[in-house]
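*Asks:* If you count the sequence shown from 1, position 32 lands on 31 in numbering that gives the first Met the number 0, and the numbers rise without skipping.
Hints in this document: simulated from the structure, not taken from any laboratory.
All of these numbers come straight from a predicted model, not from anything done at the bench.
For each residue, glycine too, the CB sits at the ideal point set by N, CA and C.
Incorrect hints may have been included.
[What the hints assert, rightly or not] 30 angstroms max Cα-Cα, derived BS3-like pairs, lysine-lysine:
#1 Lys37 x Lys20
#2 Lys26 x Lys45
#3 Lys37 x Lys60
#4 Lys37 x Lys26
#5 Lys45 x Lys60
[To be verified] Estimated spans, in silico, between C-beta atoms of each pair:
#6 Ser4 x Asp34: 43 to 53 angstroms
#7 Lys61 x Ile27: 50 to 60 angstroms
#8 Ala16 x Ser48: 40 to 50 angstroms
#9 Ser35 x Tyr58: 22 to 32 angstroms
#10 Lys2 x Asp29: 21 to 31 angstroms
#11 Lys45 x Ala16: 37 to 47 angstroms
#12 Asp29 x Glu50: 19 to 29 angstroms
#13 Ala59 x Lys26: 26 to 36 angstroms
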Amino acid sequence: MVKTSTSLNSVNFSSPAPAEKAVEQAKIQDEMFYDSIKPQLDQLIKDPSDETIEKILAYAKKK
Numbered sequence: 000m001v002k003t004s005t006s007l008n009s010v011n012f013s014s015p016a017p018a019e020k021a022v023e024q025a026k027i028q029d030e031m032f033y034d035s036i037k038p039q040l041d042q043l044i045k046d047p048s049d050e051t052i053e054k055i056l057a058y059a060k061k062k
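Using the sequences and the accompanying hints, generate a full structural model.
*Replies:* Written out as structure tokens, the structure is:
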């Protein structure tokens, strides 16, 4: 009988670390983007311009 084994450090196995790093990087970028537009979004909620209201109403009528 022949005994075989497979190394656990095989180059055929991909590491999940690069994918996790990419996900974490994307989350950081999303947070940075949201933080950069947050003041404008807050202002829009408090005091929307007439143009913004017209765009929202026009979009709602299309649906």
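*Asks:* Next, verify each hint and record whether it holds.
*Replies:* Comparing the hints with the structure gives:
1. Lys37 x Lys20: With Cα atoms ~25 angstroms apart, Lys37 and Lys20 stay inside 30 angstroms; holds.
2. Lys26 x Lys45: Cα-Cα ~27 angstroms, so holds.
3. Lys37 x Lys60: holds, 27 angstroms
4. Lys37 x Lys26: At roughly 16 angstroms apart (the allowed maximum being 30 angstroms), Lys26 and Lys37 satisfy the hint.
5. Lys45 x Lys60: holds, 23 angstroms
6. Ser4 x Asp34: 43 to 53 angstroms: holds, 51 angstroms
7. Lys61 x Ile27: 50 to 60 angstroms: violated, 36 angstroms
8. Ala16 x Ser48: 40 to 50 angstroms: holds, 46 angstroms
9. Ser35 x Tyr58: 22 to 32 angstroms: holds, 24 angstroms
10. Lys2 x Asp29: 21 to 31 angstroms: violated, 51 angstroms
11. Lys45 x Ala16: 37 to 47 angstroms: holds, 43 angstroms
12. Asp29 x Glu50: 19 to 29 angstroms: 27 angstroms Cβ-Cβ, so the 19 to 29 angstroms window holds.
13. Ala59 x Lys26: 26 to 36 angstroms: For Ala59 and Lys26 the Cβ distance comes to about 32 angstroms; the hint holds.
This entry does not satisfy hints 7 and 10, going by the numbered hints stated previously.
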